[in-house]
Amino acid sequence: MNLQEYFNLNRFWLYLKHDLKLYKKKYLGFILSFILVLFLIDLFVIEQNLYIVKVENNYVRTFRTEIYQVVFLLTLLMSWVLVIGSSFLPLRKRSSTINYLLLPVSLLEKVLVQFIIRVVVFTCLFVFLYWIEFKLALSIIYLFEDKQSLIVPSFGVFDFFEKSLIFSHKIIIILSLFSVTSFLFAATTYFQKRPVLNTVLALGVLVLLAFVFSVVMSHILLPDEVNGFEMKIFDRELPNKWNTIQICLSTIGVMSSLFFFPIAYFKLKEKEA
Amino acid sequence: MIYINDLVFNYDKQKSLFNNLSLELESGQIVGLFGKNGSGKSTFLKLISGLINPRSGVVKLNGDNPFKRLPSLMEDVYLVSEDLYIPDISIKKYIDAYAFFYKKFDLEKMHKIMKDFALQETDYLHKISYGQKKKFLIAFALSTNCQFLLLDEPTNGIDITSKSIFRKVLINSITDHQMVIISTHQVRDIETIIDRILILDDGNNVFNYHVNDISEHLKFERLADISNKKNIVFYEKELGAYKVISPVDNSEETDIDLELLFNAIISKAQIKL
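Those sequence lines, one after another, are chains A and B.
Here this note's numbering runs 79 ahead of the position in the first sequence, where the first position is 1.
Here this note's numbering runs 192 ahead of the position in the second sequence, where the first position is 1.
Hints were generated in silico from the structure; no laboratory data involved.
Note that the structure is predicted; figures quoted are calculated from it, not measured.
Incorrect hints may have been included.
Claimed, not checked - Result set (EDC-like, lysine to aspartate or glutamate): computed pairs, CA atoms no more than 20 Å apart in a straight line:
#1 A:Lys105 / B:Asp280
#2 A:Lys100 / B:Asp204
#3 A:Lys346 / B:Asp204
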């Protein structure tokens with residue numbers, strides 16, 4: 080087996096440049112609109128979540144740093160749906176699909192380029208943009224507020240994790256997020272038409288199925304303890320701040336990328352035009 | 193070399209296009225691929241280029257399965273499909289973005305053919321006419337120096353002058369290691385340049401011969417009266433005369449009337465070489 084047929088660094092680099100040359104305008108346009116939308120979201124979220132506290136006999140307005148973390152995760156997931164859901168752009172039209180499939184680049188290189196641009200580069204960019212935009216939104220609010228009555232908690236670029244989280248939990252969250260990207264890749268290669276919408280629907284169906292499965296299993300195994308749509312899941316505390324539900328969810332979260340990435344790869348491999 | 197053995201193919205829920213089609217095509221020739229509408233000419237090109245996978249049977253290009261789309265093989269396959277893919281960039285940028293994938297790409301040749309076709313590097317692909325787009329893609333295809341050049345209806349939408357330039361350019365560009373397969377309905381556009389005639393009908397290769405073999409065995413005449421003519425293989429009546437195919441006798445070889453030959457094959461005339 081000639082491994083050069085599957086990956087060649089020079090060809091990969093050329094293909095990465097090719098993708099950037101071809102879609103430079105689209106990427107720039109997206110980033111600019113994204114900056115604007117993210118700014119408006121941050122502004123809205125901060126404005127809606129300011130609350131009053133009493134500090135040394137004065138009432139001041141402030142916001143919880145958890146807001147920064149929750150909105151970070153939500154906007155990241157939503158952006159991924161858009162960004163990863165629209166990967167493999169040429170596969171949306173028959174003419175460009177032909178061109179894309181016949182390009183003398185290996186499938187692995189094609190997938191890697193999408194992964195690097197849409198997951199690695201975009202996520203890094205997102206982390207910094209989100210922080211800058213949040214700070215900017217706060218500065219704008221600060222401009223229009225009485226400076227004495229607003230307290231802005233400090234937060235750094237990488238404060239998107241709850242500080243109390245232990246290292247292993249952080250790793251699990253990162254790997255689970257990685258699995259989300261693998262699901263989005265699988266969905267975008269599976270759905271030829273309206274990939275973003277269909278991906279969201281597929282995600283909804285998956286969550287619904289998991290819920291229905293849990294409810295059904297609860298009714299079968301513990302019929303006396305559940306009613307209607309209730310479910311009962313036993314949870315045991317384990318050493319090192321772990322519990323059984325976390326173990327179960329972490330296993331699903333971490334392992335599903337092993338399932339979804341091959342689906343995406345082989346779906347593309349079998350693609351016809 | 194193209195090797196096809198027992199090829200079976202049909203699109204989903206449609207009748208079979210190819211039933212145990214077998215043929216071999218050597219490099220160093222221009223093959224005219226003809227057939228009625230729906231006879232599978234474009235599908236044949238897609239199977240050869242690896243865009244679709246046969247239901248059963250073998251398709252091999254230089255011993256490799258094209259559907260694997262290995263970069264080393266794809267560097268030697270270029271398909272100009274009827275569905276033109278034209279990104280919103282200038283000709284110069286297109287060449288910059290795509291040429292480096294083809295190791296044998298000849299920029300000088302590209303400029304020469306573009307000059308013949310009156311195309312400018314600064315032209316924007318979205319702003320030029322369909323015919324110009326087609327000429328550009330033909331120029332690009334020829335400049336890649338790919339071993340297998342597959343042209344699907346290349347003369348559709350091209351003006352009369354450009355058709356003549358196309359023939360001249362094609363003949364001057366092709367080397368002995370290359371094979372060009374031209375699928376077309378417009379037999380007159382290419383009848384002077386093809387080396388081999390491949391006519392597809394009823395899911396099989398019903399006719400696959402070199403033009404020299406045809407000229408050696410068949411005579412194409414235009415006669416006012418055929419009442420005394422013996423050994424007629426096929427004839428067609430036209431205004432004031434008959435177009436006739438008959439076996440070659442001792443007289444001189446005649447030019448092949450491709451249209452008449454095509455009609456003879458489609459009409460199931462008993463043509464034996």
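Discussion item. Flag every earlier hint the structure violates by its number, smallest first.
Written reply: Of the numbered hints given earlier, the structure breaks just one, which is hint 2.
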